[in-house]
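Asker: These are the residues of each chain, in order.
There are 2 protein chains.
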Amino acid sequence: MAVKYELIKVCKQSGARLGRVHTPHGIIETPTFMPVGTQATVKTMSPEELKSMEAQIILSNTYHLFIRPGHEIVRQAGGLHKFMNWDRPILTDSGGFQVFSLANMRKITEEGVTFRSHLNGDKLFISPEVAMEIQNALGSDIMMAFDECPPYPAEYDYVKQSLERTTRWAERCLKAHARPHDQALFAIVQGGMYADLRKMSAEQLTSMDFPGFAIGGLSVGESKPLMYDMLDHTVPLLPAGKPRYLMGVGSPDALIEGSIRGIDMFDCVLPTRIARNGTTMTSEGRLVIRNAKFADDFGPLDPACDCYTCRNYSRAYIRHLIKADETFGIRLTTYHNLHFLLQLMKDVRQAIMDDRLLDFRDEFFARYGLNDNERGF
Amino acid sequence: MAVKYELIKVCKQSGARLGRVHTPHGIIETPTFMPVGTQATVKTMSPEELKSMEAQIILSNTYHLFIRPGHEIVRQAGGLHKFMNWDRPILTDSGGFQVFSLANMRKITEEGVTFRSHLNGDKLFISPEVAMEIQNALGSDIMMAFDECPPYPAEYDYVKQSLERTTRWAERCLKAHARPHDQALFAIVQGGMYADLRKMSAEQLTSMDFPGFAIGGLSVGESKPLMYDMLDHTVPLLPAGKPRYLMGVGSPDALIEGSIRGIDMFDCVLPTRIARNGTTMTSEGRLVIRNAKFADDFGPLDPACDCYTCRNYSRAYIRHLIKADETFGIRLTTYHNLHFLLQLMKDVRQAIMDDRLLDFRDEFFARYGLNDNERGF
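These protein sequence lines are chains U and E, in that order. Quick note on numbering: full-length UniProt numbering labels position 222 of the first sequence as 222, and the sequence is numbered without any gaps. Quick note on numbering: full-length UniProt numbering labels position 32 of the second sequence as 32, and the sequence is numbered without any gaps.
Calculated directly from the structure, the hints in this document are not laboratory data. Careful, some of the hints might be misleading.
Stated by the list, open to error - To give an idea of the interface, some chain U residues facing chain E are shown, with a C-beta separation under 10 Å as derived from the structure:
| no. | residue |
| --- | --- |
| 1 | 69 |
| 2 | 291 |
| 3 | 321 |
| 4 | 331 |
| 5 | 370 |
| 6 | 371 |
Claimed, not checked - Straight-line C-alpha distance at most 30 Å; calculated DSSO-like pairs for lysine-lysine:
| no. | chain 1 | residue 1 | chain 2 | residue 2 |
| --- | --- | --- | --- | --- |
| 7 | E | 123 | U | 323 |
| 8 | U | 123 | U | 175 |
| 9 | U | 43 | E | 51 |
| 10 | U | 9 | U | 293 |
| 11 | U | 199 | U | 4 |
| 12 | E | 107 | E | 51 |
| 13 | U | 51 | E | 43 |
| 14 | U | 323 | E | 175 |
| 15 | U | 293 | E | 107 |
Even glycine gets a Cβ: it sits at the ideal position worked out from N, Cα and C.
Generate coordinates for the entire structure from the input sequences, incorporating the hints supplied.
Answerer: Shown next as structure tokens:
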């Protein structure tokens, strides 16, 4: 099997898991956050910078690479690792979520999804078999089964039919997967906001031989308590010996709450996306660097941070660059935000090791300044 | 004196000079090319990247920093070196060229120039004294005297009056300059495309005690032979013991031809600007990476180059990034283009050392594929 999960310990205070995911391109310490490199690049960052901030694994998007430059180009390049000069693990998503959120004029049948490219209107088709072919060409360490991600809110009957199709598609993905020896295929639990459907999906998928499981269809507009409730209903149904990945979640509070609920892997565009606007995550909460009060503030972005950005540049300089539309400013905020979340996960792992993740959560929130309301409680 | 020129040797074949410019922030081997960091950043690059490509000195723009963030902010930051985290030499231009090329509604009097900011329409004023105040606040190693850069073409009488004013302004700059002990002030020879006016300007300015001289008002639309003719008339009038800087010139052919004519320093936005479009300079001439034929070309941008970009990334990958509007693609082309010109100048210095710069020129052009017509002959 291409990927193996090793459980190191369970936090006595919170139940969170400390573990290691062994992949063909190295070991990932979990819980972990995966920076998103949609188009075979984590926006504005070099591979060396990602390594210097200790990114262990990155995520790339099947839908985007299918459309441009095309998976055959990446295959010819020797796979995605070689194409983008990244020799650590890569996870590729299934393309499912993007087909439903980005593409135009999509038509879903049992066979697959027909849609038009959001770039040029080309008529395209992705089925479970095509999603496997693309991801086999990309050569990611962890591939995702092609799923349907229902909108939120959605009717019970629609979500039920959809998750059953996702199960049938997952089965087809397993069969079509051509490189199980060096690429792991994870299935995606769906079921919307219905606890019994989450259970149904989890039971159907865990009856098949996947080396890992993701939870999809969350963080799609629902409240955080509802998301955590769905995790509480779903995670216990997943096998303890395999990694668990919560898709599309990357706010600091949700990373901690997800870890407490037994999640091992997270990804989100949040840190890189807000960085491009000049919004940064600091130990004292969000900081919008465009704010006029930072014009003559010569201190670092986050006095508690020791990243490249905070060691070398002032708020005044970063504000100047962002206001002047200078790329280097976005590089600096992106670097800091990614470093912030990677450091947070390192702290989470240490807190699990020390059996004090609930205490860590309370301390972090007190400093980060999120009140219960902002956290959705 | 803040800056001293050390002549190492003159090329027996071409007459080009090999030298060193000693500055408060280190030594510059000349002839040299200065990457342009208009807004206190060389677009898309980090200081560490500039060092890794062996940039010795960068240029920054007085006009832009005056408008944003304002020189008082930079002064409070401890000067431009500290503000932007660059500890090697910096040259700042005078603001003159930008006032004439970028600003709106400018009005020139003997006192100075009134204009409106191209950013927000604010009414502003720069005189020789203000230009010195700004550059003293920025703390650059080499400052430029505030000059008037006449348009091309321009009438003889206008150019004559203009250069005489530039001389008077240069005198006022010398007087207003508050930090001659640690910042060198260079004067700018004007005179348009009139050989006798170039001579007049050079004679007037060299009669004053400037530690270096620039040649301005060239590369403004005239043919290259005309530019070289003006150099032939001007450079011999400049003192041999001081550095000579040709402003705004950065095409590979002009860097070599300028060196042959005794120029020590060059700057230009060309390499960084064309990089943002995906146009690169290679040992075999210009290469437009967007071209469809590079979609499945897995070789390096320039097989003869050993820069970070060429060692690690393929044409196919760079093309993908540029077409997908990914910043990292522009970082890669920018890095390569700057490295290309810095390496070219290193080769020029070696050729001077070996008394064979004319041979080097012929070899370079044969490979680079510029015919006489493209070079303007």
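Asker: Sort out which numbered hints this structure fails and list those numbers smallest first.
Answerer: 2, 5, 6, 10, 12, 14 and 15
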